[in-house]
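Going down the list, the protein sequences come from chains S and D.
Adding 28 to a residue's 1-based position in the first sequence gives its number in my numbering.
Adding 364 to a residue's 1-based position in the second sequence gives its number in my numbering.
Honestly, the hints are just simulated from the structure, not real lab data.
A few of these clues could be false.
When the alpha-carbon atoms are kept at most 27 Å apart in a straight line, the in silico DSSO-like pairs for lysine-lysine are as follows [said to hold, decoys possible]:
{"no.": "1", "chain 1": "D", "residue 1": "Lys690", "chain 2": "S", "residue 2": "Lys89"}
{"no.": "2", "chain 1": "D", "residue 1": "Lys764", "chain 2": "S", "residue 2": "Lys83"}
{"no.": "3", "chain 1": "S", "residue 1": "Lys50", "chain 2": "S", "residue 2": "Lys83"}
{"no.": "4", "chain 1": "D", "residue 1": "Lys662", "chain 2": "S", "residue 2": "Lys126"}
{"no.": "5", "chain 1": "S", "residue 1": "Lys188", "chain 2": "S", "residue 2": "Lys174"}
{"no.": "6", "chain 1": "S", "residue 1": "Lys91", "chain 2": "D", "residue 2": "Lys690"}
{"no.": "7", "chain 1": "D", "residue 1": "Lys440", "chain 2": "S", "residue 2": "Lys83"}
{"no.": "8", "chain 1": "D", "residue 1": "Lys764", "chain 2": "S", "residue 2": "Lys86"}
Chain by chain, the residues:
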Amino acid sequence: MSTKETMTNDSQELYGILAEFKNPKALIDASEKVVEAGYDKFDTYAPFPIHGIDKAMKLPKSKLGWIVLGHGLLGFSGAIAMMYFMSVIDYPINISGKPFFNAPAWVPIIFELTVLLSAFGAVFGMFFLNGLPRLNHPLFNIERFKKATDDGFFVCIEAKDSKFQADLVRKLFEEAGATHIEEVYD
Amino acid sequence: MGHKPTITDSLQFPAESRLPQILFGVGGAGLITSVIGYFTDADHFFFSYLVSFTFFTGIALASIFMVMFHHITRSKWGVVVRRIPETFGGNLWIWSIFFIPILLGMDTLYHYWTNPLAFDPTSPEYDKIVAGKEAYLNVPFFIIRQVVYFAIWGYVGRRLYKASIELEKTGDWGITTLMRKLSAFPIMLFAFTIAFASFDWLMSLDPHWFSTMFGVYFFAISFQSFWAIMILMVYYLHSKGLLKNTIGQAHIYDLGAWLFAFTIFYAYIAFSQFMLIYYANLPEETLWYYHRMEGSWKYILYGTLLCRFALPFLVLLNREQKHRKKVLIFVASVVVIMHFLELYWIAMPMLDKHGIEFTWMDISIFVGLGGVFFGLFFRQFKKHSMIPENDPKLEACLEKSYHH
Numbered sequence: 029m030s031t032k033e034t035m036t037n038d039s040q041e042l043y044g045i046l047a048e049f050k051n052p053k054a055l056i057d058a059s060e061k062v063v064e065a066g067y068d069k070f071d072t073y074a075p076f077p078i079h080g081i082d083k084a085m086k087l088p089k090s091k092l093g094w095i096v097l098g099h100g101l102l103g104f105s106g107a108i109a110m111m112y113f114m115s116v117i118d119y120p121i122n123i124s125g126k127p128f129f130n131a132p133a134w135v136p137i138i139f140e141l142t143v144l145l146s147a148f149g150a151v152f153g154m155f156f157l158n159g160l161p162r163l164n165h166p167l168f169n170i171e172r173f174k175k176a177t178d179d180g181f182f183v184c185i186e187a188k189d190s191k192f193q194a195d196l197v198r199k200l201f202e203e204a205g206a207t208h209i210e211e212v213y214d
Numbered sequence: 365m366g367h368k369p370t371i372t373d374s375l376q377f378p379a380e381s382r383l384p385q386i387l388f389g390v391g392g393a394g395l396i397t398s399v400i401g402y403f404t405d406a407d408h409f410f411f412s413y414l415v416s417f418t419f420f421t422g423i424a425l426a427s428i429f430m431v432m433f434h435h436i437t438r439s440k441w442g443v444v445v446r447r448i449p450e451t452f453g454g455n456l457w458i459w460s461i462f463f464i465p466i467l468l469g470m471d472t473l474y475h476y477w478t479n480p481l482a483f484d485p486t487s488p489e490y491d492k493i494v495a496g497k498e499a500y501l502n503v504p505f506f507i508i509r510q511v512v513y514f515a516i517w518g519y520v521g522r523r524l525y526k527a528s529i530e531l532e533k534t535g536d537w538g539i540t541t542l543m544r545k546l547s548a549f550p551i552m553l554f555a556f557t558i559a560f561a562s563f564d565w566l567m568s569l570d571p572h573w574f575s576t577m578f579g580v581y582f583f584a585i586s587f588q589s590f591w592a593i594m595i596l597m598v599y600y601l602h603s604k605g606l607l608k609n610t611i612g613q614a615h616i617y618d619l620g621a622w623l624f625a626f627t628i629f630y631a632y633i634a635f636s637q638f639m640l641i642y643y644a645n646l647p648e649e650t651l652w653y654y655h656r657m658e659g660s661w662k663y664i665l666y667g668t669l670l671c672r673f674a675l676p677f678l679v680l681l682n683r684e685q686k687h688r689k690k691v692l693i694f695v696a697s698v699v700v701i702m703h704f705l706e707l708y709w710i711a712m713p714m715l716d717k718h719g720i721e722f723t724w725m726d727i728s729i730f731v732g733l734g735g736v737f738f739g740l741f742f743r744q745f746k747k748h749s750m751i752p753e754n755d756p757k758l759e760a761c762l763e764k765s766y767h768h
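Using the sequences and the hints given, assemble the complete structure.
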């Protein structure tokens, strides 16, 4: 039983206002309106990836690539440093007359560590940028929000947005053609 | 969204263009000049010829390969640029006559195993290693193999080209089934013939050496430079005001991405071949690289590492760079030049053992064969539409747009 939905009182903190839209097209149009109205702390939720939603939301290019590059360079230089320490400084062994600084033989190790750290950077960087892992989210308090994994298309403007005013947000959603609007409490 | 893409460009290469004639003229002049070189330095003539011949043949083979996997995978991304490789491949049967000078120069190029004394145990010139390879490395079998290669390549290339033209003329989508049939089994034949052709043309220059990776190595270098040539061809057409709205940013981005991908593939293959030999350190294998790191030859080796891998890799790593005109033209040109130098580096140390000895013939034969190769291309390219019209996937290809 969902009790939270009816238990809205002033002691709970307002997280934001959630609006449901009929279809992906309406969601894209609504996102454009939200951007136009000047909100930037908002997100959209849909059961499947919608082509062009990132454009409508005016999302900036992801920083993930730079995180991966940083990790990749760390793996690259780390591998060289490691091999240099092991084969030249700490325990040099003459292997079939090859130089201690045996660069071609190190390439597989350098490559592997570059790839490994890049992959770590990509996965954990994605977690970090998405604010994961987390155990709960205020939106899960809304019974209707379960439709986001089935046939619901939602926009939520968060209360921490500097322009947030509950009545104005409600009005914007109404004008945008929302089918349901409700407040989300933390 | 929703609207059908319309083609606003003229799809015909200008009929009044004298480009094929000009290219044939340049090519003829280059080849005739090179004949003088044959009389002054026949050895160098044949080696230069082999380098340029493998350069252009490799581009044509990579073209057919690209058309084949495009058909097999029922791709749509490259329909607007497909006519270019189709035309390269469709000319391979005529191009085969340019193999004749190599047959004439076999005694120079492949003297280690065309000399019958090498197989004679009583002769002082007896070469035990080469004699052990007699079953494969002998002149009649070599010639038979060349005939088989060019028969397969010429036939498949021509049929794929013809099928595409027929589809354009008749609009019969059933022809796509024929195209897939022409691609599925022959792609396997291609894997074998390209590998063995590279053994025959380049690896058997030094029959004491062998590398089981040499076939894929030749494919990797040819395929990487093929994408560079494609990029340059598209920008050439754009510079003439052709297909400017048909081949768009999304399609150019795809070509840039292919170049990037096969830069990595090239580096992987070329380095693997080197590293296995370097690491194992067996004399009969390392000697090949030893000669190619002697004197000034090592600069080409380091040059390929820097200009054929590091530079394209780092420049094209960023997504936005894969469709920038100036960046792509620069990178593609560097790759094409390095491809020539790498083939030069594979073949020439057999002749100039202690360092690079460039001659004017290296350039004149390259210009000569290049003029003929591209002359044949534009002569054919003019005859039909520059993109495969009526192709079932054409619309989907035109619809592609680049997302920032």
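Do the hints match the structure? See the list:
1. A hinted pair counts as satisfied when its Cα atoms are at most 27 Å apart, and lysine 690 of chain D with lysine 89 of chain S qualifies at roughly 23 Å.
2. Of the supplied pair hints, the one linking lysine 764 of chain D and lysine 83 of chain S holds, its CA atoms being roughly 17 Å apart against a limit of 27 Å.
3. Of the supplied pair hints, the one linking lysine 50 of chain S and lysine 83 of chain S holds, its CA atoms being roughly 20 Å apart against a limit of 27 Å.
4. For the proposed pair lysine 662 of chain D and lysine 126 of chain S, the alpha carbon gap of about 18 Å is at most 27 Å, so the pair holds.
5. Taking the CA atoms of lysine 188 of chain S and lysine 174 of chain S, the gap is about 23 Å. The hint holds against a cut of 27 Å.
6. Taken as a hint, the lysine 91 of chain S and lysine 690 of chain D pair is honoured in the structure, with Cα atoms around 26 Å apart against an allowance of 27 Å.
7. Between lysine 440 of chain D and lysine 83 of chain S the alpha-carbon distance is near 25 Å, which keeps this suggested pair within the 27 Å criterion.
8. A threshold of 27 Å between alpha carbons decides the hint, and for lysine 764 of chain D with lysine 86 of chain S the separation of about 21 Å falls inside it, so the pair holds.
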